[in-house]
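Colleague: Order-wise, the sequence lines are chains A, B and C.
282 is the number of the first residue of the first sequence in this note's numbering; add one for each residue after it.
2 is the number of the first residue of the second sequence in this note's numbering; add one for each residue after it.
2 is the number of the first residue of the third sequence in this note's numbering; add one for each residue after it.
Bear in mind the hints are in silico, worked out from the structure with no lab data behind them.
Note that the coordinates shown come from a computational prediction; the quantities given were computed from them, not determined experimentally.
Just so it is clear, CB atoms sit at the ideal spot from N, CA and C, and this is done for glycine as well.
Check each hint, because a few of them may be wrong.
Footprint (simulated), chain C over chain B, 3 or more residues, beta carbon under 8 Å [said to hold, decoys possible]:
(1) 205-214
(2) 218-227
Partial selection, computed: residues in chain B whose CB lies under 8 Å from chain A [unchecked claim]:
(3) D8
(4) V11
(5) L28
(6) F71
(7) F92
(8) R138
(9) L249
(10) A275
(11) A279
(12) V290
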Amino acid sequence: MTVLTRSALILGLGFLYAPIAVLIVYSFNASNLVTVWGGLSTQWYAALFADGPLIAAAWVSLRVAILSSVIATALGTLAALAFERHGRFRGRSLLTGLVFGPMVMPEVMIGLSLLLMFIGIGLDRGIATIVIGHATFCTGFVAVVVSARLRGLDRSLEEAAADLGAGPWRVLTTVTLPLLTPAILAGALLAFTLSLDDLVIASFVSGPGATTLPMRLYSQVRLGVNPEINAASTLLVGLVSTAVLGASWLTARRTGDRP
Amino acid sequence: MASPRQDRTVARLLRLPPLLWLCAFFLLPFAITLKISLSEPATAIPPYFPVLDWQGGLDGWSSFLEALNFTNFLTLARDDLYQAATLGSLFYAGAATLLLVALGTPIAYALAQAPRRWQPLLVALVVVPFWTSFLIRIYAWIAILKQEGLLNLVLLKLGLIAHPLVILNTDAAVMIGLVYAYLPFMVLPLYAVMDRLDPALREAAADLGASPTRVFWTVTLPLSLPGIVAGAGLCFIPMVGEFVIPDLLGGSETLMLGRVLWSEFFSNRDWPLAAAVAVLLLAIVVGPVVLFRDSLRGGENRP
Amino acid sequence: MASPAPLLDIRGLTKRFGDYVAVDGIDLALAAGEFFCLLGPSGCGKSTLLRMIAGFEPPSAGTIHLAGSDITALPPHRRPVNMMFQSYALFPHMSVAANIGYGLKGLNRVEAGARTLAMLRLVRLEGFGDRRPDTLSGGQRQRVALARALAREPNLLLLDEPLGALDRGLREETQGELRAIQRRLGTSFVVVTHDPEEAMMLADRIGVMERGRLVQVGPPAELYRRPVSRYVAGLLGDVNLIPGRAGPEAGEGVREVVTAHGRVRASSGASLAEGAEVVVAVRPESLVLGGEGLPATVDDAVFLGDRVRRSLTLPDGTVLRASAAPAGGLGAGGATSVRFDPADAVILPA
Numbered sequence: 282m283t284v285l286t287r288s289a290l291i292l293g294l295g296f297l298y299a300p301i302a303v304l305i306v307y308s309f310n311a312s313n314l315v316t317v318w319g320g321l322s323t324q325w326y327a328a329l330f331a332d333g334p335l336i337a338a339a340w341v342s343l344r345v346a347i348l349s350s351v352i353a354t355a356l357g358t359l360a361a362l363a364f365e366r367h368g369r370f371r372g373r374s375l376l377t378g379l380v381f382g383p384m385v386m387p388e389v390m391i392g393l394s395l396l397l398m399f400i401g402i403g404l405d406r407g408i409a410t411i412v413i414g415h416a417t418f419c420t421g422f423v424a425v426v427v428s429a430r431l432r433g434l435d436r437s438l439e440e441a442a443a444d445l446g447a448g449p450w451r452v453l454t455t456v457t458l459p460l461l462t463p464a465i466l467a468g469a470l471l472a473f474t475l476s477l478d479d480l481v482i483a484s485f486v487s488g489p490g491a492t493t494l495p496m497r498l499y500s501q502v503r504l505g506v507n508p509e510i511n512a513a514s515t516l517l518v519g520l521v522s523t524a525v526l527g528a529s530w531l532t533a534r535r536t537g538d539r540p
Numbered sequence: 002m003a004s005p006r007q008d009r010t011v012a013r014l015l016r017l018p019p020l021l022w023l024c025a026f027f028l029l030p031f032a033i034t035l036k037i038s039l040s041e042p043a044t045a046i047p048p049y050f051p052v053l054d055w056q057g058g059l060d061g062w063s064s065f066l067e068a069l070n071f072t073n074f075l076t077l078a079r080d081d082l083y084q085a086a087t088l089g090s091l092f093y094a095g096a097a098t099l100l101l102v103a104l105g106t107p108i109a110y111a112l113a114q115a116p117r118r119w120q121p122l123l124v125a126l127v128v129v130p131f132w133t134s135f136l137i138r139i140y141a142w143i144a145i146l147k148q149e150g151l152l153n154l155v156l157l158k159l160g161l162i163a164h165p166l167v168i169l170n171t172d173a174a175v176m177i178g179l180v181y182a183y184l185p186f187m188v189l190p191l192y193a194v195m196d197r198l199d200p201a202l203r204e205a206a207a208d209l210g211a212s213p214t215r216v217f218w219t220v221t222l223p224l225s226l227p228g229i230v231a232g233a234g235l236c237f238i239p240m241v242g243e244f245v246i247p248d249l250l251g252g253s254e255t256l257m258l259g260r261v262l263w264s265e266f267f268s269n270r271d272w273p274l275a276a277a278v279a280v281l282l283l284a285i286v287v288g289p290v291v292l293f294r295d296s297l298r299g300g301e302n303r304p
Numbered sequence: 002m003a004s005p006a007p008l009l010d011i012r013g014l015t016k017r018f019g020d021y022v023a024v025d026g027i028d029l030a031l032a033a034g035e036f037f038c039l040l041g042p043s044g045c046g047k048s049t050l051l052r053m054i055a056g057f058e059p060p061s062a063g064t065i066h067l068a069g070s071d072i073t074a075l076p077p078h079r080r081p082v083n084m085m086f087q088s089y090a091l092f093p094h095m096s097v098a099a100n101i102g103y104g105l106k107g108l109n110r111v112e113a114g115a116r117t118l119a120m121l122r123l124v125r126l127e128g129f130g131d132r133r134p135d136t137l138s139g140g141q142r143q144r145v146a147l148a149r150a151l152a153r154e155p156n157l158l159l160l161d162e163p164l165g166a167l168d169r170g171l172r173e174e175t176q177g178e179l180r181a182i183q184r185r186l187g188t189s190f191v192v193v194t195h196d197p198e199e200a201m202m203l204a205d206r207i208g209v210m211e212r213g214r215l216v217q218v219g220p221p222a223e224l225y226r227r228p229v230s231r232y233v234a235g236l237l238g239d240v241n242l243i244p245g246r247a248g249p250e251a252g253e254g255v256r257e258v259v260t261a262h263g264r265v266r267a268s269s270g271a272s273l274a275e276g277a278e279v280v281v282a283v284r285p286e287s288l289v290l291g292g293e294g295l296p297a298t299v300d301d302a303v304f305l306g307d308r309v310r311r312s313l314t315l316p317d318g319t320v321l322r323a324s325a326a327p328a329g330g331l332g333a334g335g336a337t338s339v340r341f342d343p344a345d346a347v348i349l350p351a
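Make a model of the complete structure from these sequences and hints.
Modeller: Right, dumping it as structure tokens:
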């Protein structure tokens, strides 16, 4: 590596991590001013855990994320199997567009149109509608992750199972799905974090009493920098990095791929 | 042994759930949005007119179709606000994409040039911020960019400036936010392409007398073009509809379609107009999506 | 062999990757116009040596001089040396002509165009200038790679397994072509190969590498007839190894070897202590049946048209292969004796 490429890397990674580092450092700042270091303190964490609405919002987010990631994982895995194992079928390009469309469409568009439909059919808005919205836009991400693994899977394993007399259903449940488990878990984790992270779609389709963590954070962030949010962010960053590192360790161990 | 018919039945069963779900919650909502964008706002619930009378049969449909109008789109076309928002969206997304290409290329190149055994770790380091909360990462920039923020503090201490700069709530802050949030989306597909380049190609160029600079411009960069295109598509398309970044980092004059849609809907409660903005956004995005479809597929294999 | 001022002069060249020594203190001098082959199995360090000459790997120790000037520290693009890559490394986004002209930046357009045409003609690819590399056959690509590397008129061309990607028939045809082009241009060629037959067919001199060291350098015939080790002997062709102990000298460059079945005489290259364990290496075509020699049994005889190949066993179980012109009968299954001219056999350390 030359000096030039090395400095490009250092500057690039520095740019990516500096804001996160600032958040973490200031979550332990006794002063509530960003520019003043008032000494080490965990008071904002204490305040965080005493913040009833914020805790409630975190629970809502968690429930939404679990439910929507389960649905998205099921749908995305099925879509991936349809794409990779059953080749050409009528409506393939329709399904492709439907699965991958929500990944690239602006979130405001997805949120608004879902809301307009929920109102149109008279569905009460709440946790269920957020779950529907999140599952819809996460399905594509799961499908991408699972498809990639399916493409790398040795086709002859499934053919061997069929040759030994297993019907398509048994091949799927005893060979294909077990081999796909790491990818399915990785896809589920991706869907989970995406759901946990979403502000825009949730803001559109949520109803009274269903405030997610990002919605709560957003309403506070609009009022300005708040050390309590720094503390909440630090916890979230810690949680997510642990989950990501754990997942990559898991997949690396299971498949022998690099993380 | 499985009969072909059995095979086909399983295949159909597999694709039915995602197909039904996405038709119900992705395709149908768009159809409804399109319909509402052709309606008039009304002080009723729902706050628009006409409402399709599902029980009205053919008559209901014809009276419904007659009442449709293009007023909302005419408003979008004529009103300065929406013109500015459209141009603003295209400008910010376009300029940020160019900046991302300029910044992402050297970083991706450096990643691909790093020692083999370090690469998985370095790639993971680029990916982790993508996994951490988007909202929080943008929020972090407020603390850095605001007038009494960290950046001004450092610049003042270094004596580079005499007075705090106003960065937050300006175009510059929006640009910083966009580039920051989307950098991994540019770097990763580009790295994937550069990593696959045969190192012998660069060596051959050097062997034929090309300086490292010439090797980069005549061999590495042209062969990385698919990655640049994929990265640009992955960044440009969602940036056009971006809401959080202009809302938190931009000023009141930062006009982007995502933000206008949001305020039409939540503040002005003009649903038909908001729906029309959504349709406009779709129209803007659909071109690049189709154009980049193949290269976006290439960039799909992000972590 | 090398003239007083060698074209390429390598001294003590070493490459370490961590604890692993890929190239270990190599000394080598090459004359202008020479066709040199580096021969060895994969992982023996021959490609690393080539990459150090080209400038892609900085040596851990040692120097490389080219035409009298030290190029050890020069980056690849400043070295008047060119390389033909094993994968050919043709730029997929450029035409054949642009590939060949890539290294001609110093020339003006007319000159560069003329040189490109001349190169296309040299490799018999006139009319292919506008084609993309991926539309060419393997043999055509190989020729483009050769033309591109020669376009800068280097005085030393490095070729990394230049025929490795070609199928058998094409390879033999291309060997002759490569040799003809080298003769015509008078450029020094250094070819890396793992194929002994190819090395013998192409090279004026061969350097055999084993685990990072250059174990023997010489013309093909010398390496074949006077290998310095069992490794070199086995690498260059089929060889019989008869174990024994070194006996006394028996004339100029000849000494006796005591085998389990009697004394034989063979040429001795290296100085060996009397009584040391040795093997006598004899090529199959140098074994003569009958007369006064070691007792042997013919187990099998195969008629191969231009020769007969016999499989023999010595009483202690050592298996020998003999190859001779098909005179007389096959004579399988009989007791016989086997002997060889001391000049055609060489004593090697066991």
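Colleague: Next, verify each hint and record whether it holds.
Modeller: Hints and how they fare:
Restraint check on the stretch 205-214 of chain B versus chain C: 9 residues with Cβ-Cβ distances below 8 Å, three needed, restraint holds. Note: the stretch 218-227 of chain B has 4 residues with beta-carbon separation from chain C under 8 Å; the three-residue rule is met and the coverage holds. At about 5 Å, the closest approach between the beta carbon of B:D8 and any beta carbon in chain A falls short of 8 Å, and the interface hint on this residue holds. A hinted interface residue such as B:V11 counts as satisfied when its beta carbon comes closer than 8 Å to some beta carbon of chain A; here the least separation is about 4 Å, so the hint holds.
For B:L28, the interface hint holds, since its Cβ comes within 8 Å of a Cβ in chain A; the closest pair sits about 6 Å apart. Using the Cβ-Cβ criterion of 8 Å, the hint placing B:F71 at the interface with chain A is not satisfied: the shortest such distance is roughly 18 Å. About 16 Å separates the beta-carbon of B:F92 from the nearest beta-carbon of chain A, more than 8 Å, and the hint is not met. Proximity of B:R138 to chain A holds as hinted, the smallest CB-CB distance being about 6 Å (cut-off 8 Å).
The beta carbon of B:L249 is positioned within 8 Å of a beta carbon in chain A (closest approach about 6 Å), and the interface hint is therefore held. Here the hint on B:A275 is kept, as its CB sits about 6 Å from the closest CB of chain A, short of 8 Å. Proximity of B:A279 to chain A holds as hinted, the smallest CB-CB distance being about 5 Å (cut-off 8 Å). This hint holds: B:V290 has a C-beta 5 Å from the nearest C-beta of chain A, less than the 8 Å allowed.
This entry does not satisfy hints 6, 7, going by the numbered hints stated previously.
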